[in-house]
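For our numbering, add 10 to where a residue sits in the sequence shown, where the first one is 1.
If you're looking for bench data, these hints aren't it; they were derived computationally from the structure. Heads up, some of the hints might be wrong.
Straight-line distance between alpha carbons at most 30 Å, and here's what the computed DSS-like set of lysine-lysine pairs gives [stated by the list, open to error]:
| hint | residue 1 | residue 2 |
| --- | --- | --- |
| 1 | Lys187 | Lys261 |
| 2 | Lys181 | Lys132 |
| 3 | Lys145 | Lys111 |
Derived Cβ-Cβ restraints for the label pairs, each shown as a range [said to hold, decoys possible]:
| hint | residue 1 | residue 2 | range |
| --- | --- | --- | --- |
| 4 | Lys145 | Gln242 | 45 to 55 Å |
| 5 | Lys130 | Asp323 | 16 to 26 Å |
| 6 | Asn331 | Lys145 | 14 to 24 Å |
| 7 | Asn325 | Asn98 | 47 to 57 Å |
| 8 | Ser320 | Lys132 | 14 to 24 Å |
| 9 | Thr388 | Thr131 | 32 to 42 Å |
| 10 | Asn98 | Gly254 | 29 to 39 Å |
| 11 | Asn99 | Thr219 | 50 to 60 Å |
| 12 | Thr388 | Asp263 | 14 to 24 Å |
| 13 | Asp201 | Ala384 | 20 to 30 Å |
All C-beta atoms, glycine included, are put in the ideal place defined by N, C-alpha and C.
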Amino acid sequence: MSHKRIPKRKAAIAVGGVAALGAAAILLPNANASQDNSAGAATPKTLKATGASDLSSQIAGLLGDAFAGSYYDSATQQLVVNVISGDNNNVVVQAEKAGAKVREVQNSTAELTAAAKVLKTKATIPGTAWSVDPKTNKIQVLADSTVTGSKWDTVLSTVKSLGTSMATVKKTGGSFKTLVSGGDAIFAQTDQGGVRCSLGFNVTASDGTPAFLTAGHCGVAAKQWSDTQDGQPIATVDQAVFPGNDFSLVKYDDPATQTTSDVNVGNGQTVQITQAEDATVGTQVFRMGSTTGLHDGTVTGLDATVNFQSETDPNGVDTVNGLIQTDVCAEAGDSGGSLFTQDGGAVGLTSGGSGDCTSGGETFFQPVTAALTATGATLGDAGAGAGAGAGDDTATADPSATAADPSATDGTGDQSGAVDPSATDGTGDQSGAVDPNATDGTGDATGDGTGTGADDGSSLTSNH
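Working from the sequences, and respecting the hints, build out all of it.
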């Protein structure tokens with residue numbers, strides 16, 4: 011995400027759709043439009059992920075209690091809707107006519123919600139998490155490496171009490187933790203030392219002033235944030251919620267700050283953000299963070315509850331609800347970073363997870379739609395200024411580009427533009443794009459984009 015404080019001058023922002031992805035996600039040429047087969051009204055529509063999310067919301071309202079979740083089948087590019095029909099076949103007909111592929115399932119949304127409440131009562135243990143998996147029509151329960159002995163026994167017995175048709179449980183490597191770290195991207199100083207997080211999305215606050223969203227645990231940790239390490243603060247936390255939810259609204263101190271509604275994904279490329287959208291299980295998503303750069307994966311669960319070990323109370327737990335679960339990797343310092351779709355939809359803010367970008371893991375995200383509703387902020391073409399590194403070389407990005415090497419060894423430079431996190435130094439002026447093969451990165455690379463990736467937004471390889 012880029013920003014630049016320019017009180018009077020405004021520069022044009024590159025406008026246009028995100029280039030088609032390469033092997034990571036090949037879409038049909040006409041997949042951006044819903045298509046009805048004229049031979050039969052009940053034929054499922056071919057949809058992009060954004061269309062699937064919209065259709066799911068419509069069908070949920072249409073079916074009411076009979077709706078039991080949905081997911082996006084990326085192979086067929088269709089929305090699959092779970093229904094509890096009973097003796098009422100009309101609900102199946104309605105969903106099929108709306109354009110979804112329908113399957114009848116056993117567990118209703120109300121039953122899954124009731125099961126989650128049992129888990130909350132009996133298994134709120136640091137290192138546990140659970141979410142609804144519409145593909146299996148069950149609750150998937152996770153326990154990290156710290157859940158052992160009697161705690162693990164409690165988790166197992168609780169899941170068993172729900173029944174095998176209602177919930178599953180598995181162990182996951184590493185430990186669930188929020189992903190704040192000392193380092194780069196957006197910086198703050200606390201009594202415990204320096205911390206860093208990642209800027210999520212630039213927004214306009216309800217009073218019309220420029221602001222950005224990041225993780226709530228970042229906003230709780232520190233009040234003032236800078237865009238350079240040890241630099242002067244440029245933004246102040248206006249609202250921060252953690253635990254419970256995990257989002258912060260941070261207002262730029264200079265009300266004349268010009269912001270861009272995009273995500274900087276490296277190599278001088280940006281993904282234009284046009285709207286906020288709800289996540290759909292099965293959708294391919296991209297995450298950008300200050301530590302590990304750009305990575306992609308799939309939404310695997312919704313309405314997730316994660317029980318983080320409290321960072322302030324050794325015996326406490328910080329529970330966050332309503333999160334998006336994915337298989338996208340993340341590491342310390344990525345907190346607050348952007349989760350988005352190839353079509354420019356803002357989906358989430360990085361909250362926390364287990365594992366890393368070498369071994370993989372589960373990562374959870376605060377839904378952007380919920381954060382916008384709570385704060386009253388708006389997202390889209392709110393800012394008309396030039397971001398750092400903007401100019402004639404600005405390109406609309408293919409988010410599958412190898413914009414960031416996950417093997418970052420330092421990367422402590424100014425990352426208001428695109429920086430190769432694998433750089434062994436990166437302490438120079440990096441307000442523009444830096445050659446991702448650079449071993450130092452100390453030169454002035456403003457608006458350059460000399461990396462091996464194409465600057466024209468053409469398809470490149472994804473980082474998982």
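Which numbered hints fail: none
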